[in-house]
Amino acid sequence: MVRRGLSPYITGRRIAGVEVLAPRSVRRHEAGPEDLSGRLTGRRVTAVSRRGKYLWLTLDDTSAIVAHLGMSGQLLLPLAGADDERHLRVRIEFADADRQLHFVDQRMFGGLHLDDLVDDGRGGHVPVSVAHIARDPLDPAFDDDTFARRVRSRTSGIKRCMLDQTLVSGIGNIYADEALWRARVHYDTPGRRLSRARVRELLGHVRAVMDEALAQGGTSFDALYVNVNGESGWFDRSLHAYGRAGDPCDRCGRTIVREHFMNRSSYRCPNCQRRPRA
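Position one of the sequence shown corresponds to residue 9 (our numbering), numbered consecutively onward.
No lab work stands behind these hints: they were computed from the structure.
Don't take every hint at face value.
Stated by the list, open to error - Label pairs and their calculated CB-CB ranges:
id: 1; residue 1: SER15; residue 2: ASP127; range: 31 to 37 Å
id: 2; residue 1: PRO284; residue 2: GLU220; range: 47 to 53 Å
id: 3; residue 1: HIS268; residue 2: PRO198; range: 17 to 23 Å
id: 4; residue 1: GLN224; residue 2: VAL136; range: 21 to 27 Å
id: 5; residue 1: ARG208; residue 2: GLU101; range: 32 to 38 Å
id: 6; residue 1: ASP151; residue 2: ASP43; range: 23 to 29 Å
id: 7; residue 1: ASN279; residue 2: GLY212; range: 20 to 26 Å
Being a predicted model, the structure only gives us computed values, none of them experimental.
Ideal Cβ positions, reconstructed from N, Cα and C, are used throughout, including at glycine.
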């Protein structure tokens with residue numbers, strides 16, 4: 009949603025200036041805030057791309073501004089002069105534009121840095137710092153057969169595989185629970201117990217969930233998860249499993265349960281998604 013919001017407005021625009029208000033937010037640019045500002049000023053944005061939680065603005069000198077939003081980061085496009093964001097960390101101004109790009113981050117786990125682009129092996133380019141992240145299921149170059157083969161070679165539970173960014177990116181905890189509910193698969197089912205057809209079926213549910221979420225503006229549980237205009241998505245109203253502990257399953261009526269999983273939570277229907285046998 010963030011990429012879709014940024015792309016039509018800033019693609020083709022020239023950067024007129026960069027102001028770093030919080031050096032911690034550009035800590036990965038080792039040369040420092042002044043160097044970052046100097047190297048970006050005058051550059052033109054040629055594309056906006058993303059992979060997993062990384063988003064980058066390709067520049068006209070074969071480099072890119074890489075953004076990772078962390079837990080609370082936001083990229084917003086307010087009107088020029090609108091500096092009322094409490095947690096504004098970096099401001100980017102464009103030539104002949106009525107809007108600026110603001111990096112806002114309450115907890116400051118995210119950040120921006122400048123990076124070189126390398127060939128991704130598929131005719132495209134990706135920042136060096138993002139090259140280790142796998143493609144996501146909505147990427148046209150995503151290889152379903154390779155993913156299924158790698159999942160079926162693992163003894164770890166299928167949800168761990170879905171959240172492993174060396175296998176696949178972009179799913180996340182919410183959409184993993186939703187896809188597993190639709191596929192009637194328990195999150196702890198070992199990957200090797202799933203047939204190739206079953207893994208491909210699960211991928212189909214992942215794509216359906218993500219497409220539906222995008223059509224509804226994403227999932228916004230609070231004011232930190234919004235698009236570039238500050239608008240919230242409403243896919244949380246369509247969730248069948250995640251966040252619904254204590255509610256009846258929309259399919260069978262059994263009570264949805266919440267269980268501890270990898271320092272977070274998993275939600276499932278105990279009837280539709282039965283625990284795998286030892």
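Evaluation of the provided hints:
1. SER15 <-> ASP127: 31 to 37 Å: violated (22 Å)
2. PRO284 <-> GLU220: 47 to 53 Å: For PRO284 and GLU220 the Cβ distance comes to about 27 Å; the hint is violated.
3. HIS268 <-> PRO198: 17 to 23 Å: holds (19 Å)
4. GLN224 <-> VAL136: 21 to 27 Å: Given a distance of about 34 Å, which is not inside 21 to 27 Å, the answer is violated.
5. ARG208 <-> GLU101: 32 to 38 Å: violated (47 Å)
6. ASP151 <-> ASP43: 23 to 29 Å: The hinted range 23 to 29 Å is violated for ASP151 and ASP43, with Cβ atoms some 39 Å apart.
7. ASN279 <-> GLY212: 20 to 26 Å: At roughly 22 Å between Cβ atoms, GLY212 and ASN279 fall inside 20 to 26 Å, so the hint holds.
Hint check: violations occur at hints 1, 2, 4, 5, 6; the rest are consistent with the structure.
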